[in-house]
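**Student:** Heads up: the protein sequence lines correspond to chains A and B, in order.
Last residue of the first sequence: 274 (my numbering), numbering continuous.
Last residue of the second sequence: 1065 (my numbering), numbering continuous.
Be aware that a few hints might be false.
If you only want the chain B side, here are some residues facing chain A, beta carbon under 7 Å, derived [said to hold, decoys possible]:
(1) Gly1017
(2) His1019
(3) Val1062
From chain B, some residues computed to sit far from chain A (all C-beta separations above 10 Å) [stated by the list, open to error]:
(4) Lys1003
(5) Thr1004
(6) Leu1005
(7) Asn1041
(8) Met1049
(9) Glu1052
None of these hints come from the bench; they were simulated from the model.
C-beta atoms are modelled at their ideal positions from N, C-alpha and C, and glycine is treated no differently.
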Amino acid sequence: MAFDYDKWIRPGKLPHIWCPGCGHGIVMKGLIRAMDTLQLKKEETAVVSGIGCASRLPGYIDCCTLHTAHGRAAAFATGVKMARPEMNVILVGGDGDGTAIGGNHFIHACRRNIDMTYIIMNNYIYGMTGGQFSPCTPTGHKASTTPYGNPDPGFDIAKLAIGAGATFVARGTAFHANQIDKLIVEAIQHKGFSVVEILDDCPTTYGRRNKFKSVIEMMNRLKEVAVPVKAAEKMTAEQLQGKVLTGVLYKDETKPEYIVEYAKVIERAQAVKK
Amino acid sequence: MEKTLPKIEIIEKYCKGCHICVEFCPKDVLEMKGFYASVKNLEACIKCMQCELRCPDFAIKVITE
Ligand SMILES: Cc1ncc(C[n+]2csc(CCOP(=O)(O)OP(=O)(O)O)c2C)c(N)n1
Ligand code: SF4
Ligand code: SF4
Ligand code: SF4
Ligand SMILES: [Mg+2]
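Chain B with its partners taken away, still in its complex shape:
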């Protein structure tokens, strides 16, 4: 069965570069790219929603089916 990947949307206008999403992602999916968070390895994402839950700035959305 093929794994469906989510769409991870990072709203740069809101992102304050705090590193929280990157640090607490259990699968190391995200990284900091310059000031903003960015997706490094979407394949590894388990859609746990931790990043979306923890972001203090409403800047990251994990969009699943």
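With the rest of the complex left out, here is chain A:
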């Protein structure tokens, strides 16, 4: 049966603003299916974003939502979670929002291991502002600000998250639409800071400049580069050249979670007063 997305979309909000073939819509559908699978209560779920095309996502979802300042989703979301620990807090945003202006907030949310889920849509570019390079733009690729090719190496978001202390890290792609909701479900269920990177496409500002002839070509590239972690175990370093691992990349259920630890601080402080 057709999936009923309508019950999670604010009435009258479609069509959304994203360009034809932009993967952000595919990711939003994955998030909706995940929220539906977990039967999250709308009044107990907050979707929080910064600024960018990807960060427009909360405007469409019918639950508690916050569209905040550029790169600051993690700060606002932390406030929500601290004030209302029973809420499911889900951050969404782009590679620019999360790893450039918001890079600091990102790594410290990882370090704290606060129980929230961060979905980062990596289209390798600042889509909204016309295609400036982001910290995720691969070396040699073109952006409006690197017309002769980007000299910088791009961040590996998943490795960055693991290194900074996130305790659940997964990666999917906009091509592998079926997997997106499953990764998000696992991320939400995990108690701690969970990062789900979705490799995405921006046909308008990235595809065009980097000689992708169509949205389909961009989707096929995602299909080609992705290798599930399990399959990668049986592949040689040579075979893995230029590939990107997908699936659950890291999970640690032993590290203390921030809300739990903070409650202990409150308890200690209150004991002193008496």
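Given the coordinates of chain A, work out where chain B with the ligands should sit on it, guided by the hints.
**Tutor:** Positioned in the frame of chain A, the structure of chain B with the ligands alone reads:
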């Protein structure tokens, strides 16, 4: 046994003509007709739901029993 066919609904108000559903349908059921996606050969549909799953624009629904 007679095969039951789904109803494929394409919401033109939402469709942005990206070709994704047409290209990734394993049975070549869909085509672009002008700007919008359209059903070309419903008989071949295997109800795999790929088109509905992939459409970034909530524009295609595969309605089965
Ligand atoms: C403080 C501040 N600086 C810069 C901007 C301009 N700006 C808006 S969106 C954006 C980048 C968004 O890129 P990304 O997060 O990758 O999202 P995408 O549009 O690619 O989905 C920038 C630099 C802003 N809105 N606010
Ligand atoms: S500019 Fe790029 S990221 Fe923004 S909506 Fe268009 S395709 Fe998507
Ligand atoms: S359900 Fe599958 S076979 Fe039928 S039109 Fe959609 S993609 Fe094609
Ligand atoms: S995938 Fe959706 S938006 Fe794209 S052509 Fe098909 S119905 Fe239209
Ligand atoms: Mg981006």
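**Student:** Could you run down the list of hints and mark each one as holding or not?
**Tutor:** Checked hints:
1. Look at glycine 1017(B): its Cβ gets to within about 6 Å of chain A, closer than 7 Å, so that hint holds up.
2. Checking histidine 1019(B) against chain A: minimum C-beta separation of about 6 Å stays under 7 Å; hint holds.
3. The interface hint given for valine 1062(B) holds, since its Cβ lies 6 Å from the closest Cβ of chain A, which is under the 7 Å cut-off.
4. For lysine 1003(B), the requirement that its beta carbon stay farther than 10 Å from each beta carbon of chain A is met, with the minimum near 17 Å.
5. Interface exclusion of threonine 1004(B) from chain A stands, the closest Cβ pair being 13 Å apart, more than 10 Å.
6. Every Cβ of chain A is farther than 10 Å from the Cβ of leucine 1005(B); the closest lies at roughly 14 Å, confirming the non-interface assignment.
7. A cut-off of 10 Å between C-beta atoms confirms that asparagine 1041(B) is not in contact with chain A; the least separation is 19 Å.
8. Distance check for methionine 1049(B) against chain A: the nearest CB is about 8 Å away, which does not clear 10 Å, and the non-interface claim fails.
9. Under the 10 Å C-beta cut-off, the non-interface status given to glutamate 1052(B) relative to chain A is violated; the minimum distance is some 6 Å.
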